[in-house]
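> Just so you know, the sequences run in chain order A and B.
Numbered per our numbering, the first sequence finishes at 127, counting up by one with no gaps.
Numbered per our numbering, the second sequence finishes at 1332, counting up by one with no gaps.
Where hints are given, some of them may not hold.
[Claimed, not checked] Keeping only pairs whose Cα atoms sit at most 30 Å apart, straight-line, the calculated DSBU-like set for lysine-lysine is:
| no. | chain 1 | residue 1 | chain 2 | residue 2 |
| --- | --- | --- | --- | --- |
| 1 | B | K1227 | A | K40 |
| 2 | A | K40 | A | K124 |
| 3 | A | K99 | A | K82 |
| 4 | A | K6 | A | K56 |
| 5 | A | K4 | A | K56 |
| 6 | A | K6 | B | K1307 |
| 7 | A | K121 | B | K1232 |
| 8 | A | K99 | B | K1121 |
| 9 | B | K1081 | A | K4 |
| 10 | A | K40 | B | K1081 |
| 11 | B | K1057 | A | K4 |
| 12 | A | K99 | A | K56 |
| 13 | A | K121 | A | K45 |
| 14 | B | K1227 | A | K121 |
| 15 | A | K4 | A | K82 |
| 16 | B | K1078 | A | K56 |
| 17 | A | K124 | A | K45 |
| 18 | A | K6 | B | K1107 |
| 19 | B | K1274 | A | K99 |
| 20 | B | K1057 | A | K82 |
| 21 | A | K82 | A | K40 |
| 22 | B | K1227 | A | K4 |
| 23 | B | K1121 | A | K4 |
| 24 | A | K56 | B | K1227 |
| 25 | B | K1081 | B | K1107 |
| 26 | A | K40 | A | K121 |
| 27 | B | K1227 | B | K1057 |
| 28 | A | K45 | B | K1081 |
| 29 | B | K1296 | B | K1232 |
| 30 | B | K1057 | B | K1307 |
| 31 | B | K1227 | A | K42 |
| 32 | A | K56 | A | K121 |
| 33 | A | K6 | B | K1296 |
| 34 | B | K1107 | B | K1078 |
| 35 | A | K45 | A | K82 |
| 36 | B | K1232 | A | K42 |
[Stated by the list, open to error] Which bits of chain A does chain B cover? Going by a derived footprint, with three or more residues having C-beta under 8 Å, they are:
| no. | region |
| --- | --- |
| 37 | 19 to 25 |
| 38 | 51 to 64 |
Derived by calculation from the structure, the hints in this document are not laboratory data.
Just so it is clear, CB atoms sit at the ideal spot from N, CA and C, and this is done for glycine as well.
One-letter residues, chain by chain:
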Amino acid sequence: MNDKPKIIIGLIIFFAVFTFPFWYNHGAASSAPEPLLSDKAKEAKHCVRDADFMRKEHMQLLDGWRDRTVRDALRVYEIDGKEYMASLSNTCMECHSNKADFCDRCHEYTSVEPYCWDCHKYPKEKK
Amino acid sequence: MNVNYLYSLLAVVVLGLFAYVGAGAAGLQSVFGIFIPYLAVVIFIAGFVNRVMGWAKSPVPFRIPTTCGQQQSLDWFKQNKIDNPSTMFGVIARMFLEIVLFRSLFKNTRTEIVGNRISYKWVVWLWLFAILFHYSFLAVVVRHLRFFLEPVPFFVSSLEQIDGILQVGLPGVFLSGVTLLAGALLLLLRRILIPKVNYISLAADYFPLLLIIGISLTGLMMRYFTKVDVVKIKELTMGLATFHVGIPEGGLGALFYVHLFFVCILVAYIPFSKLMHMGGVFLSPTRNLANNSRMKRHINPWNPEVKFHTYDEYEDDFREKMIEADLPVEKE
């Protein structure tokens, strides 16, 4: 019995499947997206927390805000002696009003689909 | 304490520390982030092909399927077409169920002495843990394609939607990540706690499980607790996938390199270990052959050429002597 042809077909399929990322991207270099800061955000210079923290943990910060606001009616977030209103629409998006250029760029790049906007409205963007 | 799992655990811890120190304190990020991953992929593919070609060369002269039902016989016997296939179609159905649903594990039984007689009990646990573990692993691997593909294709994002359907916390908990760790831990506990399984378990059985637990723990740590900048990670991984390599500005945390190094070790280790069942399951002759020995003649290809001396030739050689001795001959 000689099954070599079948086995070789199987190996070709294996090879094609496991090298999928290499041929899917056609070897095209893609640069990581930079979230675009709006003028107002640039002026403010600092966010609620530092940039590194925000990059890594903004989702947990927002999750905490939501739970505290909705469950305990604690609407104020205090950090470094400053008080912020714990609100995505009113605090975050006041500076970062450009959802498409700020939020969506990285979320799309890393295939993250936040459900913030299932409930929240985001400000209309000036084009 | 059993040396087999002690050594395996020690090996995993040492490998983890090696990457932690190497990429973290020693700062060899391009070694751990670029060189080792490529090396691992090359070893994996070359080793895998080599191993399968080795199997392809092994002769399978006869039909040796393990059969679990009535074979094809006279018309009035009902054949079990899947458990005792005699056609290509039956074999495909059998292999499909084996590979996709792990049917032979489902038939697992435990032998026990009950009272004064032997009893066989159906035991589902191994199948359950195995299916939990394998499908979780598949889901985790497919989800990780989001780091290697740009744009991310629909099947990855829809899997993420289903996987995160509970919407627990932020970032949302992916079920497969939790069930992968649970499955691996259950399979490990099975080997440690059941005396008979423990007795036949070797370091090569514990090591992959512990390595996968290591991968899973570091992955969960990064996603839910210590946090990493995923955009930077995707920058690195996309560099790997498009051959435009580079370490992203500012580098990445040591824990990420531990995770990546564990994965590289696992991938490179596959061709040399029991994990080759990934390819081997397709080539198991006890499953992928049809039981058609009574319909087709299978001749062993390396049977030696046997010299026959037929009766006709014998008679030709000794005809005269036979006639002299009054022995009957066929041709006068």
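> Taken at face value, is the distance from the CA of K56/A to the CA of K99/A at most 30 Å?
Status holds; Cα separation ~18 Å.
> Check the hint pairing K6/A with K1107/B against an upper bound of 30 Å on the C-alpha distance.
Distance ~29 Å between K6/A and K1107/B Cα, so the pair holds.
> Hint check: K6/A vs K1307/B, CA-CA at most 30 Å. Holds or violated?
violated (35 Å)
> Between the region 19 to 25 of chain A and chain B, see if three or more residues pass the 8 Å beta-carbon test, and mark the coverage as holds or violated.
holds (count 6)
> When you check the alpha-carbon spacing of K1121/B and K4/A, does it fall within 30 Å?
violated (40 Å)
> Check whether the Cα positions of K124/A and K45/A lie no farther apart than 30 Å.
holds (23 Å)
> Check the hint pairing K1227/B with K40/A against an upper bound of 30 Å on the C-alpha distance.
holds (28 Å)
> K1078/B and K56/A: Cα distance at most 30 Å?
Outside the cut-off at roughly 63 Å; violated.
> For the pair supplied as a hint, K45/A and K1081/B, confirm whether the alpha-carbon distance does not exceed 30 Å.
violated (72 Å)
> Quick one, are K1296/B and K1232/B close enough, alpha carbons at most 30 Å?
violated (61 Å)
> Between K99/A and K1121/B, is the straight-line Cα distance small enough, at 30 Å or below?
violated (60 Å)
> What's the verdict on K1227/B and K42/A, does the C-alpha distance respect the 30 Å limit or exceed it?
holds (25 Å)
In terms of the numbered hints stated before, the structure departs from hints 4, 5, 6, 8, 10, 15, 16, 19, 20, 22, 23, 27, 28 and 29, listed from lowest to highest.
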